[in-house]
Amino acid sequence: MDSAFTASSSAVGEAPTSGEHRMGTTIVGVCYNGGVILGADSRTSTGTIRFLLDLHVLWDVLALPWVDSAWGTGNSVADLGMYVANRASDKITSLTDNVYVCRSGSAADTQVISDYVRYFLHQHTIQLGQPATVKVAANLIRLLAYQNKNMLQAGMIVGGWDKYEGGQIFSVPLGGTILKQSFAIGGSGSSYLYALLDHEWRDGMSQEEAEKFVVKAVSLAMARDGASGGVVRTVTINADGVTKNFYPGNKLPLWHEELEPHNSLLDILAGGSPDPMVQ
Amino acid sequence: MEEQKWDQPMGGFNAASRSQMAEAAAGGEESQRTLYPYVTGTSVIALKYKDGVIMACDTGASYGSTLRYKSVERIKAVGKHSLIGGSGEFSDFQEILRYLDELTLSDHMWDDGNSLGPKEIHSYLTRVMYNRRNKFDPLWNALVLGGVKMGPKGAEKYLGMVNMIGTHFEENHIATGFGNHLAIPILRAEWSEDMTFEEAVKLVEKCLLVLLYRDRSSINKFQVAKITTEGATIYPPYSLKTFWGFSHFENPAQGAVGSW
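These protein sequence lines are chains A and H, in that order.
Counted the way the numbering used here counts, the first sequence spans residues 29 to 307.
Counted the way the numbering used here counts, the second sequence spans residues 7 to 266.
Be aware that one or more of the hints could be misleading.
[Said to hold, decoys possible] Subject to a maximum C-alpha distance of 27 Å in a straight line, what follows is the list of computed DSSO-like cross-link-like pairs (lysine-lysine):
1) A/K163 to H/K76
2) A/K208 to H/K76
3) A/K208 to H/K82
4) A/K191 to A/K279
5) A/K163 to H/K208
6) H/K159 to A/K208
7) H/K86 to H/K208
8) H/K82 to A/K240
9) H/K141 to H/K86
10) A/K208 to H/K208
11) H/K125 to A/K244
[Claimed, not checked] Sample of chain A residues facing chain H (criterion: CB under 8 Å; computed from the structure):
12) Y174
13) K177
14) N178
15) G204
16) T205
17) L207
18) A267
19) P276
20) L280
21) L282
[Stated by the list, open to error] Residues from chain A that keep clear of chain H, each with C-beta distances beyond 10 Å, as calculated:
22) V112
23) S122
24) S199
25) L202
26) G203
27) S219
28) L293
29) D295
Keep in mind the hints are simulated off the structure, nothing from the lab.
Using N, Cα and C, we set each Cβ at its ideal position, and we do this for glycine too.
Build the full structure now, drawing on both the sequences and the hints.
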């Protein structure tokens with residue numbers, strides 16, 4: 029998630045591949061046989077360029093540091109090095125008791141969109157006399173995303189449960205397209221998950237299988253995506269309500285080239301191993 | 007096209023001032039500029055045949071170079087007499103479908119025994135696209151509109167297209183995107199008046215296959231649709247077999263080390 033201001037004016041006539049604008053997050057939503065599970069990492073990153081000019085303009089966080097020759101090198105023109113503003117953010121936000129949204133892209137934009145939609149849904153629920161449906165919530169997100177597409181950088185996954193259609197997941201990527209899917213991934217970390225999902229996704233998993241799968245997916249993405257990290261949060265929504273889970277680093281599986289964490293080298297040495305390279 | 011107040015839910019003041027701030031920072035460009043597409047569909051092909059119009063496209067929607075969504079329906083029925091196929095920005099296509107829903111609903115509510123035919127729908131879309139283009143705020147699509155309606159001279163087939171800058175025309179065969187370059191030459195050579203359904207499908211599949219080989223944004227999952235006097239039929243998605251058995255493909259280095 030990027031938390032600085034977003035400049036809406038990029039160069040006119042930019043090639044369509046600028047649609048590959050990636051956002052510092054990994055978000056996942058899956059349907060299982062009783063409802064949905066939403067998952068996300070917890071890293072909010074920030075980076076500014078040209079802060080000398082007091083002009084905080086956030087470019088694509090994955091862009092290389094940009095040095096203006098007019099200012100000369102050594103001047104504080106490069107970005108601040110991708111600071112982690114919040115290492116435990118909660119990117120899965122409630123819209124109603126039965127519908128949540130995973131947010132990626134600009135933190136500010138998605139927060140405001142969520143606030144507006146929560147407000148609209150609150151009124152809608154009162155008027156309707158019963159809980160709002162997931163479809164309505166997703167479409168409200170879409171309305172804001174589409175009608176303000178020039179100004180927003182928000183990729184969202186809406187997931188929830190209602191009594192009519194059960195668990196549903198809706199993807200609302202940049203531009204304001206809306207697509208109902210049985211699973212959805214988003215954010216910059218999602219690039220690393222397409223292959224995993226193509227390979228291992230199955231319809232109609234049980235709740236435990238689906239939860240394990242979501243945690244596996246988010247933690248794999250966090251292993252490789254610099255813009256994702258921290259803890260894994262999941263939210264399960266079904267007929268019985270909402271369950272939230274929290275997986276700190278030590279509860280996540282270890283992947284390739286990752287090592288068992290220790291308190292100190294001294295513990296390893298004290299462990300009696302003559303060769304410090306051997307764990 | 008009525009602009010409802012709903013259009014500025016962020017508050018006209020905030021939205022305008024923020025984009026103005028951004029423009030001031032960037033050195034001043036006009037307020038409503040051309041945006042760029044994010045989630046895009048690739049070619050749509052269509053042609054007239056004996057019983058009506060056949061339209062086909064793949065079921066993919068790309069996000070830059072990523073083939074992100076693979077089960078997207080880019081051809082939809084409109085009213086009783088038409089099919090619309092859309093390439094380009096998918097959110098804009100979804101919005102156009104909403105406009106068409108409103109249009110066909112009010113047409114239906116007239117309850118006058120008449121219904122909008124493909125020519126009228128095409129005309130409506132042309133106005134929408136051209137007027138948005140004039141405001142420098144285009145709907146980033148190329149739309150194919152095909153249909154059949156009974157007229158005084160019997161069943162009248164219609165096929166046309168309109169794109170984001172408002173260019174529109176009618177033809178016996180249409181292709182958008184890459185199809186312009188790869189499919190149109192094939193259609194020009196092999197289309198004929200009053201093809202049977204089977205001949206039309208084979209011709210369309212020939213084009214789809216070439217696009218699959220040569221268009222990076224295409225995927226091997228297609229939908230074919232037809233519209234006749236009996237109504238619209240959109241067939242379930244299917245894949246085509248591809249051919250890789252050229253000896254040159256298997257042995258490109260024969261005769262020249264490194265194949266070049």
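Checklist entry - Which of the stated hints cannot be reconciled with the structure, identified by number in ascending sequence? => result Going through the list in order, the structure violates hints 4, 5, 6, 8, 9, 10, 11, 18, 19, 20, 21, 24, 25, 26 and 27 and respects the others.
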